[in-house]
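Below, each chain spelled out in residue letters.
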Amino acid sequence: MEGSAAIIKCLKENNVDTVFGYPGGMILPLFDALGRDESIKFILSTHEQSAAHAADGYARASGLPGVCIATSGPGATNLVTGIATAFMDSVPMIIITGQVDSDLLGKDSFQETDIFGITMPITKYSFRLRKADELVVVLRKAFELANAGRKGPVLVDIPKNLFFCDVPYPKYNLQKRETDRPDADFLICAAEAQKKILQSHKPIIIAGGGVIFGQASDELRKFAEKYNLPVVVTLMGIGSFPADHELYMGFAGLHGRKSANCAVAEADLVIAIGSRFGDRQTGNITEYVNDKHFIHIDIDPAEIDKNVHSSIGLAGDIKIILALLMQQKAVDDLAKWWNRLNELRKEDDFEYTGAYDVPNVMHHISQTINRGDYAVVTDVGQHQMWAAQHIERFKPRTWFTSGGLGTMGFGLPAAVGIQIYYKHDRRVIHIAGDGGIKMTGSEYYTIAALNLPIISVIINNESLGMIRQLQKVFYGTRYFSSEFKYRMNYAEYVNSFGIDTYDVHSMDEFVEALSNAISENRPKAIIVNIDKEFVEPMTKMDCGINTFIKF
Amino acid sequence: MKYQIAILAENKPGVLTHVSGLISRRAFNIETINAGYTEDADVTRINIVVDANDETELNKVIHQMAKLIDVIKIVNISELASINRELVMVKVKVTSSAIRADIVNIASIFRAHIVDVGHENVVIELTGEQDKLAALIDMLNCYEILEIARTGPIALSRGIIPVKNM
Ligand SMILES: Cc1ncc(C[n+]2csc(CCOP(=O)(O)OP(=O)(O)O)c2C)c(N)n1
Ligand SMILES: [Mg+2]
Chain A
1 MEGSAAIIKC
11 LKENNVDTVF
21 GYPGGMILPL
31 FDALGRDESI
41 KFILSTHEQS
51 AAHAADGYAR
61 ASGLPGVCIA
71 TSGPGATNLV
81 TGIATAFMDS
91 VPMIIITGQV
101 DSDLLGKDSF
111 QETDIFGITM
121 PITKYSFRLR
131 KADELVVVLR
141 KAFELANAGR
151 KGPVLVDIPK
161 NLFFCDVPYP
171 KYNLQKRETD
181 RPDADFLICA
191 AEAQKKILQS
201 HKPIIIAGGG
211 VIFGQASDEL
221 RKFAEKYNLP
231 VVVTLMGIGS
241 FPADHELYMG
251 FAGLHGRKSA
261 NCAVAEADLV
271 IAIGSRFGDR
281 QTGNITEYVN
291 DKHFIHIDID
301 PAEIDKNVHS
311 SIGLAGDIKI
321 ILALLMQQKA
331 VDDLAKWWNR
341 LNELRKEDDF
351 EYTGAYDVPN
361 VMHHISQTIN
371 RGDYAVVTDV
381 GQHQMWAAQH
391 IERFKPRTWF
401 TSGGLGTMGF
411 GLPAAVGIQI
421 YYKHDRRVIH
431 IAGDGGIKMT
441 GSEYYTIAAL
451 NLPIISVIIN
461 NESLGMIRQL
471 QKVFYGTRYF
481 SSEFKYRMNY
491 AEYVNSFGID
501 TYDVHSMDEF
511 VEALSNAISE
521 NRPKAIIVNI
531 DKEFVEPMTK
541 MDCGINTFIK
551 F
Chain Z
1001 MKYQIAILAE
1011 NKPGVLTHVS
1021 GLISRRAFNI
1031 ETINAGYTED
1041 ADVTRINIVV
1051 DANDETELNK
1061 VIHQMAKLID
1071 VIKIVNISEL
1081 ASINRELVMV
1091 KVKVTSSAIR
1101 ADIVNIASIF
1111 RAHIVDVGHE
1121 NVVIELTGEQ
1131 DKLAALIDML
1141 NCYEILEIAR
1151 TGPIALSRGI
1161 IPVKNM
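Each protein sequence line maps, in turn, to chains A and Z. Start counting the first sequence at 1; every next residue gets the next number (the numbering used here). Start counting the second sequence at 1001; every next residue gets the next number (the numbering used here).
In short, the hints are calculated from the structure, not lab data. Mixed in with the good hints there might be a few duds.
[What the hints assert, rightly or not] Listed next, the stretches of chain A that the computed footprint assigns to chain Z, with coverage defined by at least 3 CB atoms under 8 Å from CB atoms of chain Z:
1) 118-124
2) 300-308
[Claimed, not checked] Pairwise CB distance ranges, derived in the manner of DEER restraints:
3) Z:Glu1031 <-> A:Asp133: 45 to 55 Å
4) Z:Glu1129 <-> A:Asp218: 38 to 48 Å
5) A:Lys141 <-> Z:Thr1127: 47 to 57 Å
6) A:Lys12 <-> Z:Pro1013: 27 to 37 Å
[As the list claims (entries may be wrong)] 30 Å max Cα-Cα, derived BS3-like pairs, lysine-lysine:
7) A:Lys292 <-> Z:Lys1164
8) A:Lys9 <-> Z:Lys1012
9) Z:Lys1164 <-> A:Lys12
10) Z:Lys1067 <-> A:Lys171
11) Z:Lys1067 <-> A:Lys292
12) A:Lys196 <-> Z:Lys1060
13) A:Lys319 <-> Z:Lys1067
14) A:Lys319 <-> Z:Lys1060
15) A:Lys306 <-> Z:Lys1164
16) Z:Lys1132 <-> A:Lys141
C-beta atoms are modelled at their ideal positions from N, C-alpha and C, and glycine is treated no differently.
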């Protein structure tokens, strides 16, 4: 079988129905094969970075590896930001790059780049294919790796001549990998963890993105309910726990809810589930740890004790572990703690006045889409934090954002991948800033061309708001390179792709625009022209997560 | 604190890059690294000495390395009863027969070998633990050392159980 045909067959064998990418000389044989195949949908992006983000979005929405293909040299290097974004958020992806012919390798040939070497630190694994007869084996291995344990991107670099080689297609012995049974040591740890939970007076759960990728939302809810435990979520964990649940304390972290951060600070036991104690979550580690006990549950053993030294670490499948932890009889004497938590909640109840500012805009979006079939995708910046604070999510995989890498330009291409996966089941609301949208805004072309019914909300504060905020707080209000003095017309820009736009200057206009956008099932964009503000709360990361910067 | 780590890995191109890249990315210092074939043709043994503040720090890097796909097994040999050896070759300038006699003497005291002799130099080879090598080099420093090459230490645990079965 010809190499490129074998790749297609192998993709199908792994249930791939959509591939994202961008063509070029060294990957053309694979494009040719894709073109002749009816059953795999190919999505042409406008830039390789966007193809990677779109595949990443598709993977975040589906839980299956996103596939993206690009050519050697500039095509491959353009992927790098997209791969790193997926890596930091543990998103499964298969990246196939074309490479110069085997006999031209190592000669600085035209468009030859060592993408294998470049991506080594930002992939779970990268393969440099040398022999045609390894092609299918390697590709299968790539899928296996991307999906196993802590998920992540895997790159396969294929010299062009191998696409034409006659390659063997060995039979696939689908080995159902048995999930490791917890051993005796593990059971002892689990029993100890339950004891710790029952003994603690002020326990709290921090739920992260791992709960979503581990499909453990139901178990999380049952676990929290059983022991009556308060739950905060990280930026990546939004949606892992229903926002209207009485145990829900909200989003914690640098720009998280005050009450959520204070609750974590005051807790005597932190149960971190699928969260890695990232520095945006903990701030100063010494302040954070402060006599607390930690139970750390994560699929990746390397996360345990990496950032905080946990009293008890439980590495493995979150679903299974949570089930194990529910075997004890609950004794609920957390009334005092809950009194305190409710007090904290009351103190920072946000009052939505309906004024024309971003929190109220986000709140309106939240109220409008509510429990409906929508998914929210953000870019990176102030708007992202406001969205995280004010848009309530109730189900996993209805909130998408670049957490670990914080990649501006992620939102729009990711929205493409997510909308393509959800088809008509969920409509994507994309939220971006006026800075980030200029990075990958060319994807409006793809959206228009495919008539994807994404509603894109651009928060135009005529600034790199988040940078301006940092300059306000840490650089003596010396705003430099963070305000856009030169004005452009975003509505005309998006409109030029053939997308309906609404240029909005007040709350009333926004309400009307959103309702109009929702009423028609095609691409829409709303430009929210709005004043510059600062995102509050903002914790003083070097002091402790319950100390806040005053603006 | 220095720790001696043994890593068994698939004998594949890029393994050493993966391992050393990861260690440096995680901001650990590699003191020495060497690799070679083992009793199993598909397996490479990488011997590393890393500098870490304490065991907790060390365990972090071990956990990270355990995640590398090609890594089969990692053992912190420092915490086991083990034999540790390094090989060094030292080229010393000799300008007189008196000096040559001195050096031959020193070599024999250390049970080192003279492996090459020229008109103006000798090369001494010594295998041993690091303090022994240090002592030899210290002695030879009284003369003019032209160059030194050393392998970095390798280690085996004592007893019947090989690292791969630990
Ligand atoms: C690719 C990339 N470059 C730079 C940054 C640093 N950065 C973080 S937020 C931000 C400003 C974002 O501005 P905008 O898109 O307008 O959003 P706003 O903060 O105004 O809501 C910048 C430059 C980044 N996160 N990603
Ligand atoms: Mg902006």
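Verdict on chain Z covering the stretch 118-124 of chain A, criterion of 3 CB contacts below 8 Å
holds (count 3)
Regarding the pair Lys1164 (chain Z) and Lys12 (chain A), is the alpha-carbon distance no greater than 30 Å?
violated, 38 Å
Holds or violated: are the alpha carbons of Lys9 (chain A) and Lys1012 (chain Z) at most 30 Å from each other?
Status holds; Cα separation ~27 Å.
Asp218 (chain A) and Glu1129 (chain Z) - C-beta distance against the hinted 38 to 48 Å:
With a Cβ separation near 57 Å, Glu1129 (chain Z) and Asp218 (chain A) fall outside 38 to 48 Å, so the hint is violated.
Between Lys1067 (chain Z) and Lys171 (chain A), does the CA-CA distance stay at or below 30 Å?
holds, 28 Å
At least three residues with a C-beta closer than 8 Å to a C-beta of chain Z: is that true for the stretch 300-308 of chain A?
holds (count 6)
Against the range 27 to 37 Å, how does the distance between the Cβ atoms of Lys12 (chain A) and Pro1013 (chain Z) compare: consistent or not?
Holds - the Cβ-Cβ distance for Lys12 (chain A) and Pro1013 (chain Z), about 30 Å, lies within 27 to 37 Å.
Hint consistency between Lys319 (chain A) and Lys1060 (chain Z) [alpha-carbon to alpha-carbon, up to 30 Å]
holds, 25 Å
Pair hint outcome, Lys196 (chain A) versus Lys1060 (chain Z) [Cα-Cα no greater than 30 Å]
holds, 24 Å
Given the hint that Lys1067 (chain Z) pairs with Lys292 (chain A), does the C-alpha gap stay at or below 30 Å?
Measuring from Cα to Cα gives roughly 28 Å; hence the hint holds.
Given a hinted range of 47 to 57 Å, is it respected by the beta-carbon distance of Lys141 (chain A) and Thr1127 (chain Z)?
violated, 40 Å
Below or equal to 30 Å on CA atoms is what counts here, so check Lys1132 (chain Z) against Lys141 (chain A).
Distance ~47 Å between Lys1132 (chain Z) and Lys141 (chain A) Cα, so the pair is violated.
Checked against the numbered hints given earlier, the structure breaks hints 3, 4, 5, 7, 9 and 16 and satisfies all the rest.
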